[in-house]
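*Asks:* Kindly produce the complete structure, drawing on both the sequences and the hints.
Spelled out, the chains give:
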Amino acid sequence: MREDLGAIYVIWLREVLKFWRDKSRIITSLIQPAVWLFIMGKGLGSSFRGPGNVGYVEFMFPGVIGMTVLFTSVFSAVSIIWDREFGFLKEILVAPISRSSVVIGKALAGSTTAMLQGSLVLVFAPLVGVQLSIPVILKSLAVMFLLSLALTSCGIAGAARMESFHGFQLIMNFFVMPMYFLSGAVFPVSGLPAWMKLVAVGNPMAYGVDALKQIILGIQEFSLVRDITVILSVTVVAMGIAVLVFKGEG
Amino acid sequence: MQIIEVQKLSKEFKGVKAVNEVSFDVAQGEIFGFLGPNGAGKSTTIKMLCTLQKPSSGRAILNGFDVVKEAREVRKSIGLVFQDPSLDDNLTAEENLDFHGRIYGVEGKARRARIDEVLELIELSDRKKNLVKTFSGGMKRRLEIGRGFLHYPKVLFLDEPTVGLDPQTRNAIWEYIHQLKVKEKLTIFLTTHYMDEAENCDRIAIIDKGEIVALATPAELKETLGGDVVRLVTVNNQLAKKELVTKLGIFAQEELGGLVFQVTEGEQFIPRLFKELDSEILTVTLAKPTLDDVFLKITGREIRSDEGAESTTALIQRRRGRRG
Ligand SMILES: Nc1ncnc2c1ncn2[C@@H]1O[C@H](COP(=O)(O)OP(=O)(O)OP(=O)(O)O)[C@@H](O)[C@H]1O
Ligand SMILES: [Mg+2]
Numbered sequence: 001m002r003e004d005l006g007a008i009y010v011i012w013l014r015e016v017l018k019f020w021r022d023k024s025r026i027i028t029s030l031i032q033p034a035v036w037l038f039i040m041g042k043g044l045g046s047s048f049r050g051p052g053n054v055g056y057v058e059f060m061f062p063g064v065i066g067m068t069v070l071f072t073s074v075f076s077a078v079s080i081i082w083d084r085e086f087g088f089l090k091e092i093l094v095a096p097i098s099r100s101s102v103v104i105g106k107a108l109a110g111s112t113t114a115m116l117q118g119s120l121v122l123v124f125a126p127l128v129g130v131q132l133s134i135p136v137i138l139k140s141l142a143v144m145f146l147l148s149l150a151l152t153s154c155g156i157a158g159a160a161r162m163e164s165f166h167g168f169q170l171i172m173n174f175f176v177m178p179m180y181f182l183s184g185a186v187f188p189v190s191g192l193p194a195w196m197k198l199v200a201v202g203n204p205m206a207y208g209v210d211a212l213k214q215i216i217l218g219i220q221e222f223s224l225v226r227d228i229t230v231i232l233s234v235t236v237v238a239m240g241i242a243v244l245v246f247k248g249e250g
Numbered sequence: 251m252q253i254i255e256v257q258k259l260s261k262e263f264k265g266v267k268a269v270n271e272v273s274f275d276v277a278q279g280e281i282f283g284f285l286g287p288n289g290a291g292k293s294t295t296i297k298m299l300c301t302l303q304k305p306s307s308g309r310a311i312l313n314g315f316d317v318v319k320e321a322r323e324v325r326k327s328i329g330l331v332f333q334d335p336s337l338d339d340n341l342t343a344e345e346n347l348d349f350h351g352r353i354y355g356v357e358g359k360a361r362r363a364r365i366d367e368v369l370e371l372i373e374l375s376d377r378k379k380n381l382v383k384t385f386s387g388g389m390k391r392r393l394e395i396g397r398g399f400l401h402y403p404k405v406l407f408l409d410e411p412t413v414g415l416d417p418q419t420r421n422a423i424w425e426y427i428h429q430l431k432v433k434e435k436l437t438i439f440l441t442t443h444y445m446d447e448a449e450n451c452d453r454i455a456i457i458d459k460g461e462i463v464a465l466a467t468p469a470e471l472k473e474t475l476g477g478d479v480v481r482l483v484t485v486n487n488q489l490a491k492k493e494l495v496t497k498l499g500i501f502a503q504e505e506l507g508g509l510v511f512q513v514t515e516g517e518q519f520i521p522r523l524f525k526e527l528d529s530e531i532l533t534v535t536l537a538k539p540t541l542d543d544v545f546l547k548i549t550g551r552e553i554r555s556d557e558g559a560e561s562t563t564a565l566i567q568r569r570r571g572r573r574g
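From first to last, the protein sequence lines are chains A and B. Here the first sequence is numbered in the working numbering, starting from 1 and rising by one per residue. Here the second sequence is numbered in the working numbering, starting from 251 and rising by one per residue.
Bear in mind the hints are in silico, worked out from the structure with no lab data behind them. Mixed in with the good hints there might be a few duds.
Claimed, not checked - EDC-like cross-link-like pairs, simulated, lysine to aspartate or glutamate; straight-line CA separation at most 16 Å:
1) A/Lys-18 / B/Asp-348
2) A/Lys-18 / B/Asp-339
3) B/Lys-379 / B/Glu-344
4) B/Lys-538 / B/Glu-517
5) B/Lys-383 / B/Asp-339
6) B/Lys-379 / B/Asp-338
7) A/Lys-18 / B/Asp-338
8) A/Lys-90 / B/Asp-338
9) A/Lys-18 / B/Asp-478
10) B/Lys-326 / A/Glu-3
11) A/Lys-90 / B/Asp-339
12) B/Lys-491 / B/Glu-530
13) B/Lys-326 / A/Asp-4
14) B/Lys-383 / A/Asp-22
15) A/Lys-247 / B/Glu-320
16) B/Lys-433 / B/Glu-367
17) A/Lys-90 / B/Asp-334
18) B/Lys-359 / B/Glu-344
19) B/Lys-547 / B/Asp-478
20) A/Lys-18 / B/Glu-345
Computed from a predicted structure; not experimentally measured.
*Replies:* Here is the structure:
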């Protein structure tokens, strides 16, 4: 058990260290949310309004945080494919540590980096007219962390066996983008046709974005308890699958 | 004590027998070499012994633990240097070793001291804080070897440790290997397809098409060839041939205007040749048998057949490419 904690820590440490070292990536990752907020948001905001009394840019703000968390999580999960490609995964897989500690370490590292990256988006809040108090910031960080844990775990389960980046492109186009658009980040889910709603209901992103909206804007579709419960359940199931997939190989 | 015991170990990939019922033991503290051409099954055998692949049949015990049933204990007992690169290029030399030490449970102060000790031995102390991506191929290989024994394993596996390196680096790596055997009392299991390198091993198993075709010390293997080859050219070869029979009891073959025969200790034999023969000697050449000859005799093929040589270059290119 103590050995496993040590292993989780090392796996986590390596990823976070590399994230921290790559400052240019941290900065450039802010460009995309800025484009969404200031170009898409302001542009669409001139013709559309959010639900209730919220302006469109404000409505989009939690969604853009969610997007940043989503993309950072996917990037972290995909580091497994890089590790395989450059051989480092062998070093990890031949070590006397359990497969679960590898998955947990990777997932925790993903959520740490996604939370840090997401927290940087909070800096834009004053520019889009959103007021943030300390409790709101702390609660948002907690949701970012949990949402990312779920997303990274899903990503690891998907990437664990992947040998190349072709498959990754497929995942990006068929899962990640729809996940983003059907999460209520860009437009509310409530107005969608029934089949799309059905997809949205199974989408962990939808619950994360909903939780962020509740905390930051006070608008909601589900209860916060339900949001968190779904996110945690997805995490547990995805981690379980990821461990099984990893165990399958040697 | 036998640190590795292998009985009828096999691995089949979709009907292809990559390793076919190999059996051998490795004694504690020896350098044991697996010698064979590309595709012989060397890496596959290593992967099975290191718990990375499950054997199709047979059994292997390492440091007293079964490689299938007690995989975690086996993993704790070994260090492994893979055929293909496996460092994190975006970490420094020190960080790569630190990751390894932590993941193998070498704790705190002891870990830092050990990292310095290892860097010292592989002569990379001055590059400790540099990112691995700035290293040359040889430096990376040295670092991988250093990492392999950092956690005081019982057995160190080296899969083609010197492939694609220049002769100087190859020699340096062999020096480390010998030092490890002495200083750390490590058992070393390595694979190679360089015949000259295999001579550095205490014992060699020659593997071909998944089967062990010979297993002995390098000297014993060479003895099976019947000794050193002497080629002699004299003023009168016919006379010399008769003299060899009558005075030295040797039956020589005539070949391309000279006489060819085998003796056990060539260096000591040549002076006698000058003393005994009356016909004037023009040239004498002495050829020591190499493991190449052994391989040729056993399998009827050169180890570096055209196909083999080609794949070696391909391998080097792959390594270079990968190491970018
Ligand atoms: N994962 C795999 N799937 C299918 N076949 C495999 C696999 N791994 C190895 N083989 C086959 O098993 C045989 C032995 O391969 P192995 O890698 O053990 O050879 P080797 O002796 O290490 O060769 P080299 O000197 O080229 O490294 C080869 O024919 C190879 O194609
Ligand atoms: Mg090999």
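*Asks:* Determine for every hint whether it applies to the structure shown.
*Replies:* Status of the hints after comparison with the structure:
1. A/Lys-18 / B/Asp-348: 14 Å, holds
2. A/Lys-18 / B/Asp-339: 11 Å, holds
3. B/Lys-379 / B/Glu-344: 6 Å, holds
4. B/Lys-538 / B/Glu-517: 10 Å, holds
5. B/Lys-383 / B/Asp-339: 5 Å, holds
6. B/Lys-379 / B/Asp-338: Distance of about 14 Å is within 16 Å: holds.
7. A/Lys-18 / B/Asp-338: Given pair A/Lys-18, B/Asp-338 holds - Cα atoms ~10 Å apart, limit 16 Å.
8. A/Lys-90 / B/Asp-338: 11 Å, holds
9. A/Lys-18 / B/Asp-478: 58 Å, violated
10. B/Lys-326 / A/Glu-3: 12 Å, holds
11. A/Lys-90 / B/Asp-339: Given pair A/Lys-90, B/Asp-339 holds - Cα atoms ~14 Å apart, limit 16 Å.
12. B/Lys-491 / B/Glu-530: 12 Å, holds
13. B/Lys-326 / A/Asp-4: The given pair, whose Cα atoms are some 14 Å apart, holds under the 16 Å limit.
14. B/Lys-383 / A/Asp-22: 15 Å, holds
15. A/Lys-247 / B/Glu-320: Given that 16 Å is the threshold and the Cα spacing comes to 15 Å, the pair holds.
16. B/Lys-433 / B/Glu-367: Roughly 12 Å between the alpha carbons, so the hint for B/Lys-433 and B/Glu-367 holds.
17. A/Lys-90 / B/Asp-334: 10 Å, holds
18. B/Lys-359 / B/Glu-344: Answer holds: B/Lys-359 to B/Glu-344 is near 14 Å, not above 16 Å.
19. B/Lys-547 / B/Asp-478: 14 Å, holds
20. A/Lys-18 / B/Glu-345: 11 Å, holds
Going through the hint list in order, the structure does not satisfy hint 9, though it satisfies all others.
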